[in-house]
Amino acid sequence: MAIPKVLGIETEYGIVIRGGDSNPIAASSVLINAYVQELARAGASTGSSRIGWDFEDEQPGNDARGFSADGATPPEVETHLVNAVLTNGARYYVDHAHPELSTPECADPRSVVVYDRAAERILQRSMVAATTLLPDGQEIVVYKNNSDRKGNSYGCHENYLMDRQVPFSKIVAHVIPHFVTRQVFTGAGKVGTEAAGLTSADVPFQLTQRADFFEEEVGLETTLKRPIVNTRDEPHADAQKYRRLHVIVGDANLSEVATFLKVGTTAVVLSMIEDDWLTRDLLPARPVQALRHVSYDLSLARPIELVDGTSLTAIEVQWELFGRARKYADERGLACVGGEEVGEEVLRRWEMVLSALESDPGRVADQVDWVAKHRVIDGYRARHDLRWDDARLAAMCLQYHDLRPERSLAARVGLERIAADDEVEAAMSEPPADTRAYFRGRCLQRWPESIVAANWDSLVFDVGGDPLRRVPMMEPLRGTKAHVGSLIDGCESAADLLQKLEQ
Amino acid sequence: MAEREQKKKQAPTKADEVVEDVPAKSEQGEKIKAELDDILDDIDEVLESNAEDFVKSYVQKGGE
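Those protein sequences? They're chains A and B, same order as listed. Going by the numbering used here, the first sequence opens with residue 6, and the numbers climb by one from there. Going by the numbering used here, the second sequence opens with residue 30, and the numbers climb by one from there.
Chain B with its partners taken away, still in its complex shape (with noise of 0.2 Å):
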């Protein structure tokens, strides 16, 4: 562990920065929430359209 041990004593200055951090991480969460919603609202339109016939007859023998 003693790399690990190193690495936790690196912590007070690695905390600061994460301080310093915290409001453009939540901005970051929020953007990603914003970009997931949009990806959603237009995956309809490239899914497969019967799912449940696509994944069955997707069989692959013999590999490798």
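Chain A with its partners taken away, still in its complex shape (with noise of 0.2 Å):
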């Protein structure tokens, strides 16, 4: 049986110092401070960055494949210089040389896009921020993309609670011909690529950020030779039970139904691998290329060849997984993606992308990142007779995601929203209900003078006198509201909290 796919989404932005010497690192590190600053001058309960994150449990080289990196070549080093825990039980820190902001457990895809977008209102409050703390005249600027058009790429990682109990090759071989083919409708555009060999004449844009720097099917990097499908064995949960599927391959969206859609569709997808829903094998027959083949192919319509022999569009391969997943909604259900209402809105949603990008992809230019910014970019090319490779279209290629709103275009051409404001801006403090981040971020709007240290899996408190207390959380879907809301309403100190857990 499937279990319940538990998301998140962590995205590093790309940052920019406007009139002053642009070390990104310091940069991440005042911006992210000032953040936290201002929201202990307004007399919130911050969270903290004084509280600090706890690597133990952490284990990045660790490979799902079934050996561990330890001894050999490490593949990353983490350097987490600033780290934030918020009262919503998202994670705000640097990272390498980016703040990055991890959204807090989600049990359903619309709470993803809720926690998605109040990130994005963290990151634009931390801009008004930081400019007050830095000299006249300079200014921090953040942009949601994931390429910087000279060959450096930064990250939007999903995360997905899988059943320990199922063969990771299982997962591969399911899961590469949707990584290939959902681009079509998570791609956030590119004007021309960064891929070796090939200028704006070969590719003048293309559906996605990513797909240019994509080498190998399956591996545990993720800044060289980017794998498709990452290995990283680290489930941040009860590692007997479960695995936390980690994704690199997508693009960070804009669009809030493309965000709806990207972890919606696979959260229904990696649920079909577990019911061992998917009978027929989709598998590219070169995935690497396929990759990118599909990004480039602005008609949508050029067939990929598969394992099998056969050839099928990118769209003819989501078809492929939206008959199957409407069955396995009729006949299964769909409470392992977060409930019947949420689940079948992920599926009207995509069979709608699928009949407009098949017929007319302009209809769904307020709902796919790479449509809208396509038409504004190729109306304003038209508009000047520009060539593809003029510098103008690759400014507005990055002013797409640049998220100060005065300065956005993606606020610019009439999205369709998902998200109500107030609950947006709910969800910048309050932690999600239905998940253990409930448990996190209530104790740090409670006590966060008591408490440590955190981490995805546990909270570490000090309540004077006795030795450091770890609470475990194990358990993603412990720790709701529904758990433990009314005991920590009740609870008068942290030491009294701990006191009652015991019992």
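Hints in this document: simulated from the structure, not taken from any laboratory. Heads up, the beta-carbon is just placed ideally off N, CA and C, and yes, glycines get one too. Check before you lean on any hint, since a few could be wrong.
Heads up, simulated PhoX-like pairs for lysine-lysine below, C-alpha to C-alpha not over 25 Å straight-line [what the hints assert, rightly or not]: (1) A/K246 to A/K486; (2) A/K230 to A/K155; (3) A/K505 to A/K486; (4) A/K230 to A/K332; (5) A/K332 to A/K175; (6) A/K155 to B/K85; (7) B/K90 to A/K230; (8) B/K90 to A/K155.
Residues from chain A shown here face chain B by an in silico Cβ test under 7 Å; the list is partial [as the list claims (entries may be wrong)]: (9) G160; (10) T227; (11) G384; (12) R397; (13) L403.
Take the two lone chains, each set in its own frame, and fit them into one complex as the hints suggest.
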């Protein structure tokens, strides 16, 4: 049986200092500290940048194929200079040279949209707060994109809780077709290409930010030789029962509908994999080439060769997956993606977007980022009679992702909204009620002074006198409002809470 | 291809809907074009003033 798909998104944002020396690490630290200080000044319980991130259980070198990179060359060294754990259960930190925000664990795709949008609002508020800390004339600007157009890419990673019983090789075989073809609605669009040996003449515009950067089918890397399926085996939960599929192949989306479809369809596909529901082998014969092939094909009509010898277009592969999903929903239900209502909404939008892309992509210019971006850039190009390699079009491509509301092009192209402004505002400080993020967030709201460290799967308390006390949270769906809401509300102090938890 | 064929079999009902949709669709097309013109009319005010410098100076090293 498919298990509930607890979900989250972690986004690395592009960052520049306008009018100043551009040290991205320092700028990212200033940005995050400015936000935390502003919350403190406003008297809000902040979560805290004082609270450490507890790395004890983090093992980014573990490989889902069953071996560990310990002793071999580690795939990456995590450098976290500033780390804040927010009261909405999110983590906001400096990762390498970027500000990064990981949403709290969410129980359904719609909730991910709300928390991803809340993350954007947090970055926006951080930019404003940082301006007051910088010398006159300087400004920090943040971009929600995935490439600097010079061959440097940074990620928007998705995470999905899965059943440990499912062999990893089975996940790989059935998820690659989805990852290669979902680009038709998840792509955030890019003017030109960063792939070696290709120029703007070969690829004037492509569907995704990221396809240029993938070189392997499966692997542990995230920064070099990036794989379509990442094997990092770090469940942040009971490792006997769960795995966390860490997905690095996607683009950061500005469109809420695109984010909803990206995580929603992927959650459905992963549930079908757990339930052995995907019988047809849709694996492309050459997945890495196919990923680019799909990204470079604005006609959406060129077929991909599959290992079984047949050829299908990306949209046809998506129709196959959708067809199976429709049947799966009818026979098994969609409780595992957060409930029937939200699951049916995923299927409704999935069918609608595929129909539109097949007949006239312009119909989803309010839903699919690459379509929206292409429409406005191509319109500008036509109006001013520009070549595709004109710097003005490259600038517009970057500016689509500018998070300053007055500068953002994405904010001007009429994208459909899913999340309401007031729920997004609330999600900046309130945790989701239906995952363990509730326990993390509420404890940080109530007793920040008693929490010395936090992690996805534990909180460490210092209530004075005794040794530090770690509260493990190995079950992502425990510690919800239903479980602990009244318990937390009824406690005077963290010591009180710990005592009651032990009873 | 079973699922896909099944979809195609449902085509008659879908085709009927599409026929009814045609006027609405072209109206929508007009609307989208008018919207795009409006966006493009205003866009120069927000675009980066020196595109070439902006693109050149946008460098992001180290990630993931």
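Hints, verified against the model:
Straight-line distance between C-alpha atoms of A/K246 and A/K486 comes to about 23 Å, which keeps the hinted pair within the 25 Å bound. Our distance criterion of 25 Å between C-alpha atoms is met by A/K230 and A/K155, whose separation comes to about 16 Å. For the given pair, A/K505 sits about 16 Å from A/K486 by alpha-carbon distance, which is consistent with the 25 Å threshold. Distance hint between A/K230 and A/K332 is unfulfilled; the C-alpha atoms sit about 37 Å from each other, more than 25 Å.
With a CA separation close to 20 Å, the supplied pair A/K332 and A/K175 stays within the 25 Å bound. The suggested pairing of A/K155 with B/K85 holds, with an alpha-carbon distance near 9 Å, which does not exceed 25 Å. With a CA separation close to 16 Å, the supplied pair B/K90 and A/K230 stays within the 25 Å bound. Distance restraint check for B/K90 and A/K155: the Cα-Cα separation of roughly 10 Å lies within the 25 Å cut-off, and the hinted pair is therefore satisfied.
At its closest, the beta carbon of A/G160 sits 5 Å from a beta carbon of chain B; the interface hint therefore holds under the 7 Å criterion. Taking 7 Å as the C-beta cut-off, the interface hint given for A/T227 holds, the closest approach to chain B being about 4 Å. The beta carbon of A/G384 comes within 5 Å of a beta carbon in chain B, closer than 7 Å, and the hint placing it at the interface holds. Taking 7 Å as the C-beta contact cut-off toward chain B, the hint placing A/R397 at the interface holds, the least distance being around 4 Å.
For A/L403, the interface hint holds, the least distance from its beta-carbon to any beta-carbon of chain B being 6 Å, beneath 7 Å.
Going through the hint list in order, the structure does not satisfy hint 4, though it satisfies all others.
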